[in-house]
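Engineer: Take a look at the letters that make up each chain.
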Amino acid sequence: MSSAFLAGLRFEARMMRRDGAIWFALLALAGVALFALAMGASRVVSQQAAIAGARADETQRLTNLQKTLAQLQQGETQGKPAPEPPPFRDPRNAAFMGGGPAAAVAALAPGPLALVATGQSDLLPPAVRVTTGSKDSFLFADEIDNPANLMSGATDLAFVVVFVYPLVILAMAFNLLAGEREQGTLSMSLASARRPAAALAGKLTARVAAPILATLLAVAAGVWIFAGWERLATPGFAVLLIVVLLYGLFWAALAAAVDGLGRSSAFNALTLIGAWVAITMILPAAINSIAGFAHPAPSRTDMVLAARAASIDADRARDASLARYAQEHGDAEKPAGGPQEATLRRLATQEAAFQRVEAIVAEHDAQLARQRDMADRLGYLSPAYLTYQALADIAGSGETRYRAFLDRIRAFHLDWREFFLSRAKAGAALTAQDYAAMPKFTQADEELVGPAPAGLAGPLIGVALPMLILAALAMRGYRRCRI
Amino acid sequence: MSDLALAPLATTAPAKSRWRVVRAVAAKEWLELFRDRRLVWLCAFVVALMLAALAFGYVENARILRERDSAARADRELWVGQSAKNPHAAAHFGQYAFKPLSPLALADPGVDAYVGSAVWLEAHKQNETQFKQARDGGVGARLGSLSLAFILQTIAPLIVILMGFASFSGERESGTLKQLLSVGARPRDILAGKAMALIGAIFALLAPAFFGAALALVFFVDRERLSLADQFLRLAALGAAYAAYLAGFAFLALGVSALARNSRAALVTLLAFWLANSFLAPRLATDAARAFAPTPTWQDFRARIAQDKAKTFGHDESHPAFVAFRDETLKKYGVSRVEDLPVSFRGLSLRKDDEAGYAIFDRHFGALQSAFDRQDALRAAPGFLFPLLALRPISMAFAGVDSRSQFDFATAAEAHRRDIQNQVSDNIIHFAHDKQYVAGPELWRKIASFAYRAPGAVFALGYSALPIIGLLAWLALACAFALFAARRLRPV
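Those sequence lines, one after another, are chains B and W.
Quick note on numbering that gives the first Met the number 0: the first sequence kicks off at 0 and runs consecutively.
Quick note on numbering that gives the first Met the number 0: the second sequence kicks off at 0 and runs consecutively.
Because the hints were derived from the structure by calculation, they are not lab data.
Errors might be hidden in some of the hints.
[Claimed, not checked] The following residues of chain W were derived to be distant from chain B, with all beta-carbon distances above 12 Å:
#	residue
1	142
2	218
3	263
[Claimed, not checked] If the Cβ cut is set under 10 Å, some of the chain W residues that face chain B in the computed set are:
#	residue
4	59
5	133
6	144
7	274
8	429
9	490
10	491
[What the hints assert, rightly or not] In silico DSSO-like cross-links for lysine-lysine, where the CA-CA straight-line distance does not exceed 27 Å:
#	chain 1	residue 1	chain 2	residue 2
11	W	310	B	66
12	B	424	W	84
13	W	177	W	27
14	W	308	W	434
15	W	434	W	27
16	W	351	W	27
17	W	434	B	66
18	W	330	W	84
19	B	79	B	66
Backbone N, C-alpha and C fix where the C-beta goes; we use that ideal spot for every residue, glycine too.
For reference, chain B alone in the conformation it holds in the complex:
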């Protein structure tokens, strides 16, 4: 590192130490980051409580069913049968129990760094009650929240990093050349260094390193305080620091590139504010609108209507079958059959609804995937968009983890149906052994989280590449600067 660079850096650092406004800005930035992490930690506690509540409810339900089952079996063995419960409350009835009373809780525990970003976690419930029914009957349940709260969004680190952090960097770096030129000190600065561009780069480094380091330190302190020191040693935390660093460097390079054009402080300020508005607000909004316009999200109501149509069709098929039977047998006599026939009819209806809903969900998911792919591709236009998504992925509240969760539910749903429906079709009553052998949605969360957020290389390159181009432009501007 050249001595001119170090001299510029030291000189600027000394100047900054004596500027109260800079201390205020840095402390405010660190304070906001810490506050956001504290809010994130409280959100994680709420999610954990919701999951614990759902699991406690599951345990309670299963305990009650097993207790009733034991009473019924005891009555039978003692020759004093207990009153027969209705089928929908009968713990032996496989068709009904798998459809609700014994439903399994599939939970997505908050990731180790969940406090970093709210992502989709406020919209998607952390626990789902899987039943033998089609997905429309359980997968789209929502957590209760005031819609205006959801619309406003939460204070989280992702928000602070994406929106507030760049403004502090811009405020520090927007007028390095312009400010000195306007104060009349630029000629002295250039004359006093053997390599003026290196000296200016040193000054710029001092200015942008302060907010970047303040944020990195606040993030480390916040994660340590609110999530535990062991999180600091995870790959996810290392990726978090890299994302924050790269995003900060992008804005620093942008500020330096604009400053390097050699225009006034006012021009720089207005241009950079315009760029901030465009990159953090207008481009993400436009990306979402364009992707939504090109690949509109399909209506979920199609799914429930298909399930209902399947039910109607099953009814009609049954009516036709009864009519044929009456015609063939010459009178209105109905075919023989008891509760098992009713169960089989019910299962046939469920199966028809299941098949149709599966097909529609797959079609919807494909359309949504097209929309998201387009948004992801357009996202490369805005480093803010990429950073926001990367932070959500690091927190485990982004699409990657939620999609993995849905895949797990899909597989589990099949196991669950097979377990209950095979018994229901065979007319077998559920036993205590069956209750013990029911499929469980295990600690799949740990499998889902993975050692480090994958798939972030693209977004990181998407931020790093424009940063490098802007840095090159800035160096060119500094080398050519005129008094």
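Following the hints, put chain W in place on chain B, whose structure we already have.
Structural biologist: Structure of chain W alone, referenced to chain B:
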């Protein structure tokens, strides 16, 4: 400037002369705004952005409207297409109530993406609205989408700040303020002139957007279902609210510009306020609202309802409440056996159980909405300082996309559910003489489909008192601040 320089004013100049000063200052400001090519291009860009947002809103809303209309028709066909069955089984099959789209959602989508579009109206249970569009949007979608409201709420104030931050400080720096004051122009008149120019520019900015929105309404509103006049009334209220919001920013910019040491300090101060208003205040106010007026989790909410519902008998014929009702009914009809009743006891018990359920649902859903209202009120309370907190609820209310409009829809849907239950139970009471009783398509057709008529603009006004007061207070405060700053105006 030229006509000011012609005639220096006395300190007690008549009102006519003062008006001349105001007009001259306004004309000069206009001229300067027009001469600043950067501002003109910026305004043109924002106007183009607003029109593009309106076009996106129009296309998206037309698509959603088509989808919901077609879903409502399909659901009706499914309902009337049911085969002969016990009416209570049909009640379990239920209907779907689809939320009609408010036409002004094309300008402000409000909470629509966060509330879901359909409610399942089934027996025994009041359900929440399902299928939130926001769930499908992915993480990036949380950064918002282009809408007229988004641009007017966040970008437009920035434009006003850029137009106004150097109004006084720029003149002071160039020395023209001293000249202006030396000819006897009163600071208050200069302020009035500059405010007039800025507010005129705001109207010029708003006009294309609102003209476009009015035009879109003419094409979008289905006049058989909605009153176009009511929609125009709502649009006028929106226009007034946005004008007050942006006029407040104009006065704030002028006040800060008059007091600031220089234009740079004025710009930094105003940008800091804009950032706090647009980004920090809504999130912090939401965090505070959540903390001070918490809402239950879904699990808790449903558990509490289940706890109360356990006191009713449902289909449990061994429940003490069922036994008591049966005894009471037998006594009322003077018979000793259910079989001897002239009406169906099953129908009577279904109706009785439903009625007990209605009270429970009213209590719990009402309490939940009250909690939402408290949160909304807490969020809007600092609206006189951070006007976006006051403007947003007004905008959503008049666009028909706030949580109160949603509650009104949910209440209407629940009323329809109860109507279905009551008609089905009445049919069983009067016609079900045995357990094999089935009803046919004539009953399904007799039960109407859900038809919701959204309330008028007065409804929005009724629930917007607090934010309206907040927005007016913001305008008054900003105006008072500008007058205060003008009184302290320094020529150098």
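Engineer: Now look at each hint and say whether the structure bears it out.
Structural biologist: Hints, verified against the model:
{"no.": "1", "hint": "142", "verdict": "violated, 4 Å"}
{"no.": "2", "hint": "218", "verdict": "holds, 18 Å"}
{"no.": "3", "hint": "263", "verdict": "violated, 7 Å"}
{"no.": "4", "hint": "59", "verdict": "holds, 7 Å"}
{"no.": "5", "hint": "133", "verdict": "holds, 6 Å"}
{"no.": "6", "hint": "144", "verdict": "holds, 4 Å"}
{"no.": "7", "hint": "274", "verdict": "holds, 7 Å"}
{"no.": "8", "hint": "429", "verdict": "violated, 24 Å"}
{"no.": "9", "hint": "490", "verdict": "violated, 22 Å"}
{"no.": "10", "hint": "491", "verdict": "violated, 19 Å"}
{"no.": "11", "hint": "310(W) to 66(B)", "verdict": "holds, 22 Å"}
{"no.": "12", "hint": "424(B) to 84(W)", "verdict": "holds, 24 Å"}
{"no.": "13", "hint": "177(W) to 27(W)", "verdict": "holds, 16 Å"}
{"no.": "14", "hint": "308(W) to 434(W)", "verdict": "holds, 26 Å"}
{"no.": "15", "hint": "434(W) to 27(W)", "verdict": "violated, 87 Å"}
{"no.": "16", "hint": "351(W) to 27(W)", "verdict": "violated, 76 Å"}
{"no.": "17", "hint": "434(W) to 66(B)", "verdict": "violated, 32 Å"}
{"no.": "18", "hint": "330(W) to 84(W)", "verdict": "violated, 31 Å"}
{"no.": "19", "hint": "79(B) to 66(B)", "verdict": "holds, 17 Å"}
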